[in-house]
Amino acid sequence: MQKIPATFFVNGDRYDLMIDTHALLLEVLRDDLGFKGVHESCGEGDCGACTVLVDGVAVLSCLTLAAAVRGKEIVTIEGLAKGSDLDPIQNAFVKHGAIQCGYCTPGMVMAAKNLLNENPHPSREEIKKGLAGNLCRCTGYNKIIEAVSDVAKGGK
Amino acid sequence: MQEELRVVGKRVPVKENFDKVQGKADYCATITLPGMLVGKLLHSPHAHARVVSVDTSRAEGLQGVKAVVTKKDDPRKIFTWNVMTYQLPDGEPQDQYIFDDVVRYVGEPVAAVAAVNEEIAKKAVDLIEVEYDVLPAVFSVEDAVKKGAPRVHDTAENNIGAPPTPVFCYGDVEKDFSESDTIVEGVFSTSKQSQAGLENAGCVAEWRNGRLTVWSQAQLPHMTKRMIAQALDIPESTVRVIQPFAGTGFGAGTDLCPEPYACLLTMKAGAPVKVALTRSEDLRMRFTREHIVRVEMKMGVKKDGTPMALKAKYTGDAGAYMGKILSGCGVALASNITEYEFKSMYQEIEAIYTHHLACGAMRGFGGMQSTFAREILVDEVCEKIGMNPIEFRKKYHRGVGGLGWFPDTKISSCGLDACLDVGAERIGWKGKWQGWGAKKEGIRRRGVGVAAMGWLSGAQPMLLEHTNATLKFNSDGTCTLIGSPGLLGQGVLAAHCQIAAEVLGIDYDDVRPLTPQDTDITGFDIGTHASRGCYCIGRAVEKAAQQARELFLERASKKLGVAADALDIKERRIFCKDDPEKGIEFREIAQDTIYSFGKDCRQITVNATIEPTEFAPPWQAGFAEVEVDTETGVVEVIKMIIAHDIGRAINPTVVEGQLEGGQLQGIGFALFEDIIISSENGVNLTDSFNKYKIASMLDCPDHEALLVELGDPTGPFSAKSCGESGIFLQAPAIANAIYDAVGIRLRDVPMTPERVLAALKNKSSTQTN
Amino acid sequence: MSSRILPEFELLPHDIDEAVKMLGLHQGKASIMAGGTDLLVMMGDGFRADYVLSLGNIPDLAYIIEESGKWLRIGAMTTLAEVAESKVVQEKYTALWQSAAQNGSPQTRNMGTVVGNLLRASPSGDCCCAVLALDGWVVLEGPQGRREVAIDDFWLEYRATARRPDEIAVEVKLPDVKGNTTSAFRAMTRTTLDLAKLNAAVRLDMSGKQCENARVAIGAVAPTTIRVRKAEELIRGKEINEETLEEVGKVVSTEVSPIDDVRSTAEYRRTISGVLVKRVIEEACKGV
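Protein chains in written order, with the numbering used here: chain A, 489 to 644; chain B, 8 to 776; chain C, 505 to 792.
Worth double-checking, as some hints may not be accurate.
[Said to hold, decoys possible] Cross-link-like lysine-lysine pairs, in silico, DSS-like; alpha carbons within 27 angstroms at most: (1) A:Lys-491 to C:Lys-533; (2) B:Lys-577 to B:Lys-17; (3) B:Lys-182 to B:Lys-31; (4) B:Lys-22 to A:Lys-570; (5) B:Lys-130 to C:Lys-533; (6) B:Lys-130 to A:Lys-583; (7) B:Lys-31 to A:Lys-570; (8) C:Lys-754 to B:Lys-447; (9) C:Lys-591 to A:Lys-617; (10) B:Lys-646 to A:Lys-583; (11) A:Lys-583 to B:Lys-17.
[As the list claims (entries may be wrong)] Simulated restraints on C-beta separations: (12) C:Asp-521 to A:Asn-605: 35 to 43 angstroms; (13) B:Arg-18 to C:Asp-764: 43 to 51 angstroms; (14) A:Asn-605 to C:Asn-745: 41 to 49 angstroms; (15) B:Lys-310 to C:Gly-791: 23 to 31 angstroms; (16) C:Thr-695 to B:Val-690: 19 to 27 angstroms.
These aren't lab readings, by the way, just hints derived from the structure by calculation. All values derive from a computational prediction rather than experimental measurement. Just so it is clear, CB atoms sit at the ideal spot from N, CA and C, and this is done for glycine as well.
Just chain A, same shape as in the assembly (with noise of 0.2 angstroms):
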């Protein structure tokens, strides 16, 4: 098995460790620095759930080969609070049920924080878009545009 040195920015940590030239970004974040936080469903694009932000970009890091983004800037559900205080998002992800099951969460809640940043203020229709990519079978979506668009008005 073929490693290669690797150094990664998780959350504003650095992280130097070997990785296999062929794993997946999902892998090394999941497995090898232990954020659980980063979800895995489809394995194929589909879902979202395993989204993370790279170079503050929403991407899959399940499609996402670890070695072509070393030494890149990326954030996972993981570092989105700051010490015990919920980043906005999450507090209105709680306050409107937009979570049951919780398993899509973590990517849903980096695609809106991905919105956000290019978008702070979206209508409905942009949060639809936005958030289009992350499949959620619980809720129905109704409250999780609720959630992101109270952020958006500046919500709590």
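Using the hints provided, position chains B and C relative to the given structure of chain A.
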């Protein structure tokens, strides 16, 4: 209804969600144990074959492989993945082995491997050599019953799992049909929907010091424990089932899936083993929605609409094993009784084996299929007699005291009229429904449709619904709620905490639910299915809280020198009703129960048992507005409204979430969700989210769930269920709206553009002829 | 645990020359990965390559360059999201813009590339359909240097392209369009985010109401995305009105050879192909 509720009815946050939103919640998928091995399954590529030999020597020789299991390791105890079987006195059919001599569907496991990592496990699976004697297979119920058709099970002649059997019939349908003025009938088909929770099927099993611990997505944990023991032929007390958070549910956890294989592997390897299926394996192996492949229904009414006779037959495509097909058909039939005052009903069920993946249960169990057929036929009847379809439903639904879904049951409450009113108002029925035969023009045409039904809050009295709930009080006046509904994200634990806090006069934050749940700790509970969580378990929680309240008051009574019945508890304080100034903090009493230096230590721990008998039907009305593109057959849902009589919403946010989630699954069922299995070789052609589509946010139309809270005399704080109700009415309401828009009657789900266009073509060719 | 196992040998070249050399070394045994959204999915479905060559570490392959009056050039690592955000593409190459902006999800658009879509050569590829209508060229770099292949000659059969095993597709280029040229793209899907059960794109060179030249492309009805030349001939030199559109619709359905699959049926695809092309032409006409 009780006044001045402080906790019940409030939109308090679900406690587990703080962990979930931070990625800190543990699922089977995220659990790691020291020394844990990776388990992988070898699946049959054939729909029907005799397994002649399985050579595992090369796999076993691979460095890093710790165990390979095959039929040689199977204790050969007949069992079923359907753990619900224990809820019936005579059980449901059991026809499975962990590994059998014959494989009966593509994807059925033939062997399993545990290895130190996934790559080695996969390589080892590839090194197992299986010799199959491939046999002819059968892929439809029609072919299965033909003379000389290949047999799925030696014991089932003509593949008949259950012959046509009439159930719960009453009156004389033939006489009532002959006295009917209008008769409509149809043959309907529905799809094999997948529960498709985002977490794939998976579990972890650990055999250590003679005990087997299984981390499972089980919804019915105590019966899961019993079934695992049965399959492995070990004492039930040897098995412990832990329910971490589950990223799936909707019925999926009422059947086993990877558990038996993980258990065999850990028992052989002596180390913990995780078997996490891929999405493809999940879709090929996980028992699907009960597949009632055909519903034949006939309905007769008088000129004024008076319901006379209803006759129906439900045919289940069991697939390779009986799973839950019989109870699915049974519930289709039984739930069909609740809605309308038919003078007579004759309904029968049958189940047939095929070489399809077998079926279990999904949200809306059985009621989906009978409701689809019935509500379309009601629409047809209304057109024939020239009656407003809302009017018919209001006039002829059963009411309080009427016959329920099971013989000798009575309807305890009914808010359907209010549901029909608020739903019609919200969709704008008055302006949008232009009467029967309204002329519509243009390429894109709009229409509206309505449907209605009554469901249940737990499957009593048909099934055992025994529940225990325990409250254990701490010295600071808080308590732990110990129960085992499963952690599917249904939010029911929030409702349970609210019920307990309300009864006890303490705060929501003072009641903490046990997570993860563990059969070594929790009392017996059926678990989560049949919309029972809030109603059945909630009643046990309410009862436990009442008993605890009495114990607290008793103790306070001694302290205060006041009779217990003169005391009340509010806002964490116990006080005299007549003299509110006189009182004591709840937590002081709690502390005294534990740190009592007056030699009266007695921690308050209360267990309550419930065996409900009433079924408290929630009622609902569904309204769809659609736009049909007559050139392409594409149906766009413009608006979908469901109005629910849920008794009382203990936590409205949670209730809406359940209903809205069901709604979108119902739209998927109506329009696009379908497991497609090749009729040539039995291969599941929809084994990914790329091929089996579930709705994304962009497929989410303007939709709403409206709550009607008129109370039920039997429910905890007058609540009824909401777990399944959201999913039933999309398919029939959309079908009826399509008819209103373009005049075609669809009888098959999903109503794809392909089917709509074919029906449109068919209509125009019959008209020109 | 992952749903797929990648080959153990990952090739991570730092420039095109190194990449071409690596491909030469592993003749035909290496698969090229740009965004990964296709290749890794194929690997999940059982496709095995001995080597994966990732373009991820090669700089300067992500660009959209407009050479005025000549070409629009899009690099091999330019993502669908970058194309969807480009004003030039939106205004002048509307069909491509639509095919990129509606393609998959925000995440897959952030990862997937237009060139990758062309190389995958799926008959239902959305960008394939747009690029075929827009008369694109694929630029390939190999041991013998550069060559350019017209999109009309690029797809040989189902999922097979004119790229040689030791070549890398470095960009796609589209001929410049004048103010009187208009284009549009549309896909029909089961749910919004799905591979197309049918897609179509057109490019019309208009002169007033008259169509001087047309390219009509349709996907998911044959082993590759195809042009419907009979339809093009029908509208060439004519005014586009209900009558011509009616004829176009009829001719399209006779020119396609669709199949049944999980997304649709051959019969439906055939019936609807004419409607879809008609609607795409109508939409393109609105853009004039």
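Given the proposed pairing of B:Lys-130 with C:Lys-533, does the C-alpha separation stay at or below 27 angstroms?
-> OK: B:Lys-130 and C:Lys-533 at ~20 angstroms, within 27 angstroms.
CA of B:Lys-22 to CA of A:Lys-570, is that 27 angstroms or under?
-> At roughly 20 angstroms apart (the allowed maximum being 27 angstroms), A:Lys-570 and B:Lys-22 satisfy the hint.
Has the hinted range 35 to 43 angstroms been met by the Cβ atoms of C:Asp-521 and A:Asn-605?
-> Roughly 37 angstroms apart at Cβ, these two residues keep to the hinted range, so it holds.
Between B:Lys-182 and B:Lys-31, does the CA-CA distance stay at or below 27 angstroms?
-> violated (63 angstroms)
For the pair supplied as a hint, A:Lys-583 and B:Lys-17, is the alpha-carbon distance within the 27 angstroms limit?
-> holds (12 angstroms)
Starting from the range 41 to 49 angstroms, see whether the pair A:Asn-605 and C:Asn-745 falls in it by beta-carbon distance.
-> holds (47 angstroms)
Going straight from one Cα to the other, do B:Lys-646 and A:Lys-583 come out at no more than 27 angstroms?
-> Between B:Lys-646 and A:Lys-583 the Cα gap is close to 26 angstroms, so the pair holds against 27 angstroms.
That 43 to 51 angstroms hint for B:Arg-18 and C:Asp-764 (C-beta), does it hold up?
-> holds (49 angstroms)
Does the structure keep B:Lys-31 and A:Lys-570 at a Cα separation of 27 angstroms or less?
-> holds (15 angstroms)
Take the C-alpha atoms of C:Lys-591 and A:Lys-617, compute the straight-line distance between them, and say whether it is at most 27 angstroms.
-> holds (19 angstroms)
Measuring from beta carbon to beta carbon, are C:Thr-695 and B:Val-690 in 19 to 27 angstroms?
-> holds (22 angstroms)
Holds or violated: B:Lys-130 to A:Lys-583, with C-alpha atoms at most 27 angstroms apart = Not OK: B:Lys-130 and A:Lys-583 at ~46 angstroms, beyond 27 angstroms, violated.
Checked against the numbered hints given earlier, this structure breaks hints 3, 6 and 15; the rest are met.
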